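Chains as they are written, first to last, in the working numbering: chain A, 1 to 199; chain B, 1001 to 1540.
No wet-lab data here; the hints were simulated from the structure.
These numbers come from a predicted model, not from an experiment.
Backbone N, C-alpha and C fix where the C-beta goes; we use that ideal spot for every residue, glycine too.
Each hint should be verified, as a subset may be incorrect.
List time: in silico BS3-like cross-link candidates among lysine-lysine, alpha-carbon distance up to 30 Å [claimed, not checked]:
{"no.": "1", "chain 1": "A", "residue 1": "117", "chain 2": "B", "residue 2": "1391"}
{"no.": "2", "chain 1": "A", "residue 1": "76", "chain 2": "B", "residue 2": "1426"}
{"no.": "3", "chain 1": "A", "residue 1": "149", "chain 2": "B", "residue 2": "1391"}
{"no.": "4", "chain 1": "B", "residue 1": "1381", "chain 2": "A", "residue 2": "91"}
{"no.": "5", "chain 1": "A", "residue 1": "84", "chain 2": "B", "residue 2": "1381"}
To give a feel for the contact side, a few chain B residues facing chain A, derived at Cβ under 10 Å [as the list claims (entries may be wrong)]:
{"no.": "6", "residue": "1070"}
{"no.": "7", "residue": "1077"}
{"no.": "8", "residue": "1088"}
{"no.": "9", "residue": "1169"}
{"no.": "10", "residue": "1184"}
{"no.": "11", "residue": "1228"}
{"no.": "12", "residue": "1337"}
{"no.": "13", "residue": "1374"}
{"no.": "14", "residue": "1379"}
{"no.": "15", "residue": "1382"}
{"no.": "16", "residue": "1384"}
{"no.": "17", "residue": "1385"}
{"no.": "18", "residue": "1402"}
{"no.": "19", "residue": "1425"}
{"no.": "20", "residue": "1428"}
{"no.": "21", "residue": "1436"}
Here are a few chain B residues that face chain A, going by a calculated C-beta distance under 10 Å [claimed, not checked]:
{"no.": "22", "residue": "1377"}
{"no.": "23", "residue": "1378"}
{"no.": "24", "residue": "1392"}
{"no.": "25", "residue": "1431"}
{"no.": "26", "residue": "1433"}
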Amino acid sequence: MGLESLYPDYDVLALQDEWDANTRQIVKQRLGPFEFKLLSHWQQGMIKALARQLACEGRDEVLTWIAFHVETELGKPQGEAQRKPGIPPRKELILAGLDALDNWAKAKFFKGFLSLKEAQQLEFLQLLEVGGLPQEEGWDVERQKELFKKLAGLVITAHYSHPWVWSEIGYGGPAYPRGYVRVELGLVDPWEPKQAEWS
Amino acid sequence: MAEKVSVQHNCDHYDRERHPHLRKRKYGGQEVDAVIVGLGAAGGVLLYELAKAGLSVVGIEAGPFWDPQTDFASDELHAQSLAWNDTRLSTGQNALQFGANNSGRGVGGGTVHFTGVFYRFHESDFRVRTLDGAAEDWPITYADLAPYYAKIEEEIKVSGPREFPWGAFHGPYPYPERSPISGNAEIFRRGCAALGIRSTVAPLAILSAPFDGRPPCINRGFCNQGCLPNAKFSTLIHHVPKAIGLGAEVLTDCMVTRILVDKGGRVTGVEFNHDGQFYAQKAKVVIVSAFAVETPRLLLNSACSQFPEGLANSSGLVGKYLMPHSGHDVYARFDQEIRLYKGTPVLAVSQDFYETDLSRGFIRGYSLHAHGARPVGMAVKAATNAGIWGKKLREIMLHWNFYARITLVGEVLPEATNCVTLSEEKDEYGLPRAQVHFAYGENDQKLIAHGIQKCQEILAAAGGRDAFVVPDSAHLMGGCRMGKDPSTSVVNEFCRSHDIPNLYICDASVFVTSGAANPTETVMALAARTADQIIAQGKR
Chain A
1 MGLESLYPDY DVLALQDEWD ANTRQIVKQR LGPFEFKLLS HWQQGMIKAL
51 ARQLACEGRD EVLTWIAFHV ETELGKPQGE AQRKPGIPPR KELILAGLDA
101 LDNWAKAKFF KGFLSLKEAQ QLEFLQLLEV GGLPQEEGWD VERQKELFKK
151 LAGLVITAHY SHPWVWSEIG YGGPAYPRGY VRVELGLVDP WEPKQAEWS
Chain B
1001 MAEKVSVQHN CDHYDRERHP HLRKRKYGGQ EVDAVIVGLG AAGGVLLYEL
1051 AKAGLSVVGI EAGPFWDPQT DFASDELHAQ SLAWNDTRLS TGQNALQFGA
1101 NNSGRGVGGG TVHFTGVFYR FHESDFRVRT LDGAAEDWPI TYADLAPYYA
1151 KIEEEIKVSG PREFPWGAFH GPYPYPERSP ISGNAEIFRR GCAALGIRST
1201 VAPLAILSAP FDGRPPCINR GFCNQGCLPN AKFSTLIHHV PKAIGLGAEV
1251 LTDCMVTRIL VDKGGRVTGV EFNHDGQFYA QKAKVVIVSA FAVETPRLLL
1301 NSACSQFPEG LANSSGLVGK YLMPHSGHDV YARFDQEIRL YKGTPVLAVS
1351 QDFYETDLSR GFIRGYSLHA HGARPVGMAV KAATNAGIWG KKLREIMLHW
1401 NFYARITLVG EVLPEATNCV TLSEEKDEYG LPRAQVHFAY GENDQKLIAH
1451 GIQKCQEILA AAGGRDAFVV PDSAHLMGGC RMGKDPSTSV VNEFCRSHDI
1501 PNLYICDASV FVTSGAANPT ETVMALAART ADQIIAQGKR
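Construct the complete structure from the given sequences, taking the supplied hints into account.
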């Protein structure tokens, strides 16, 4: 399966002078540097390890942004839109979930989650998605599934908000005030991503 | 980390006055003719119409008064701030997702981040009990709303096709249809044509030519993230500023926590919270336009000794019969680039499957939309709603420019068990959070299966392959339905509560059935009709 970009020559950040100032500032903050206040070093490591599997992403810079996004969201006073009754609030659920994953790893492989092989970490996430991990200390099927959903939602949101990922997938990105002149099937504006000749 | 973008929001707006505090109120100590709770699609129209008629009116909005130029960005993550993100407890077999999925916060409400698809309901939508033997009939017919549909379309210059083939209204629309259409819309129309399915360019509350100092659409594609050029209509940029010009006062960042009731059982105004302080606004008429979850929640949270079960709730139906639309997305991969990010998201539609056809094995129907997407929206829903993540998601997203998408807007039949109630859990104001229960019924499930099949056929007919489905829902309706009988409905045909003569409930919560069309135009038409009634009552 092709996991290479079809647009290797495209850099969405090279277009930033065409963006409105507000958008430019918001997007550039995702390149760091990041100052973590809430998540411990270990918790950051856990989020990054999980994001590596969930998003299939290997670059430390992008993974660090994802961890920072999770920290930002968990620190917000606003709500989480929806939560199932009996499930702890998102921050509590995720932070407790990181500990639970580590404990499950220790119980099964006698080492912490971060010391597992990537294939083992992936397997843990596959089980978590369907609630297939040991049901102890309140981690019933429903709570495991919710942990997976909340984690995946935060991680994938951050991943596809990173401009390097936009470049890779050939996303035009912010388009104000310029907009698009050629939207018809098969037409592109001169600045839009185009597939490399050889692909 | 770089300095955070910070925007100063004023909270009191009237007569060219804007203040970051509530110490210079226009109507502070007075009893006004009307107070409106929530300034979304309905509240915006009501504020404007009542102010235009010379009534003293105050609109109170929980969220900010957005300035598109400084508060909106061309960014999906940033746009999450436009949604109502307060936690709702969500239960049931098909527990609903809230936030950006269906509700807005701030002036404009959902119109700030809606796609702009602007449909009238069909005649049959108001008579489902009579025609299909299910649900209930509305206390009004299409003919009652038709003049208000026309009024709203004209007022905001809806763009649409010369000939709209379905329902009672066939055009023309005030402004010409949008042209050109996007690659995704073109693929949809080709697939439909190959199968003999009729399709048209979408009727949209998005300008196709200049109007009122606003430019036509530039096809930026960020309708769901807030329109920066102001080409897309919202009550934030249309009705509310005009209402302020006509004398209305608008309070923002003010959460209404209770409707006040006197000993005689009439409402006297509302209590609201700004920055931790409680205030009151007295009014002759209270209009609740806070959408399908917060409206029932406020009525239930306003229970008092006169109305221990909540206001307007003698029928016990406040919060009941909540309906979303089924909103499943079907994606398929093509050999050529489609580029889902370009252009207005919904530019082509079909309502060929809107009306009941019993040979399909279910009643009612659905609309189909060629629906653009952006990376976060597509990838997150694939991961959380369809179990597509990791390597598989990465592979799809690296080829995402080759995907087309069709979205279902499926009618959901009302069930009393699908409802908004109060939970044990409290929010920051000490008020019980809403708990929302939802499960699709058998008819809904059959309709969804048919719709998904049809989407797959259309995409395949256009050359698509490797289709995948992402279950989703959209919009919310019901919870305070209208009706003639006070024992089986909450409000009358003019959105006035049966129980309390000076309490109106006017938003999507009064819908009796969901239809299979995006609800915003019907919400606005109902609001315009209700405004006429309130004005006529005031003159008497």
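Hints, one by one, checked against the model:
1. Our distance criterion of 30 Å between C-alpha atoms is met by residue 117 of chain A and residue 1391 of chain B, whose separation comes to about 16 Å.
2. In summary, the hint linking residue 76 of chain A to residue 1426 of chain B is supported, as the alpha carbons are separated by about 18 Å, within the 30 Å threshold.
3. Straight-line distance between C-alpha atoms of residue 149 of chain A and residue 1391 of chain B comes to about 17 Å, which keeps the hinted pair within the 30 Å bound.
4. Taking the CA atoms of residue 1381 of chain B and residue 91 of chain A, the gap is about 21 Å. The hint holds against a cut of 30 Å.
5. Restraint check for residue 84 of chain A and residue 1381 of chain B: satisfied, since their Cα atoms lie roughly 18 Å apart, inside the 30 Å limit.
6. For the restraint placing residue 1070 of chain B at the interface with chain A, the shortest Cβ-Cβ distance is roughly 6 Å, inside the 10 Å limit, so the hint holds.
7. Annotation: residue 1077 of chain B was flagged as interfacial toward chain A, and the flag holds, the nearest CB pair being 4 Å apart, inside 10 Å.
8. With its C-beta approaching chain A no nearer than about 5 Å, residue 1088 of chain B sits inside the 10 Å limit, and its interface hint holds.
9. Checking residue 1169 of chain B against chain A: minimum C-beta separation of about 27 Å lies over 10 Å; hint violated.
10. With a least beta-carbon distance of about 8 Å to chain A, the hint placing residue 1184 of chain B at the interface is held under the 10 Å criterion.
11. This hint holds: residue 1228 of chain B has a C-beta 5 Å from the nearest C-beta of chain A, less than the 10 Å allowed.
12. Interface restraint check: residue 1337 of chain B against chain A, minimum CB-CB distance 8 Å, threshold 10 Å, status holds.
13. Taken as an interface hint, residue 1374 of chain B checks out: its beta carbon lies about 8 Å from the nearest beta carbon of chain A, inside 10 Å.
14. Hint status for residue 1379 of chain B relative to chain A: holds, with the closest Cβ pair at about 5 Å, below 10 Å.
15. Given the 10 Å rule on beta carbons, the hint for residue 1382 of chain B holds: about 8 Å separates it from the nearest Cβ of chain A.
16. Contact between residue 1384 of chain B and chain A, as hinted, is supported at the beta carbon level, the nearest pair being about 5 Å apart and thus within 10 Å.
17. The criterion of a C-beta within 10 Å of any C-beta in chain A is met by residue 1385 of chain B, whose closest approach is roughly 9 Å, and the hint holds.
18. For residue 1402 of chain B, the shortest C-beta to C-beta distance to chain A is roughly 9 Å, which falls under 10 Å, so the interface hint holds.
19. Among the interface hints, the one on residue 1425 of chain B holds; its C-beta lies about 8 Å from the nearest C-beta in chain A, closer than the 10 Å criterion.
20. Checking residue 1428 of chain B against chain A by beta carbon gives a least distance of about 8 Å; that is within 10 Å, so the hint holds.
21. Given the 10 Å rule on beta carbons, the hint for residue 1436 of chain B holds: about 8 Å separates it from the nearest Cβ of chain A.
22. This hint holds: residue 1377 of chain B has a C-beta 9 Å from the nearest C-beta of chain A, less than the 10 Å allowed.
23. Proximity of residue 1378 of chain B to chain A holds as hinted, the smallest CB-CB distance being about 8 Å (cut-off 10 Å).
24. Taking 10 Å as the C-beta cut-off, the interface hint given for residue 1392 of chain B holds, the closest approach to chain A being about 8 Å.
25. At about 13 Å, the closest approach between the beta carbon of residue 1431 of chain B and any beta carbon in chain A exceeds 10 Å, and the interface hint on this residue is violated.
26. Contact between residue 1433 of chain B and chain A, as hinted, is supported at the beta carbon level, the nearest pair being about 9 Å apart and thus within 10 Å.
Checked against the numbered hints given earlier, the structure breaks hints 9 and 25 and satisfies all the rest.
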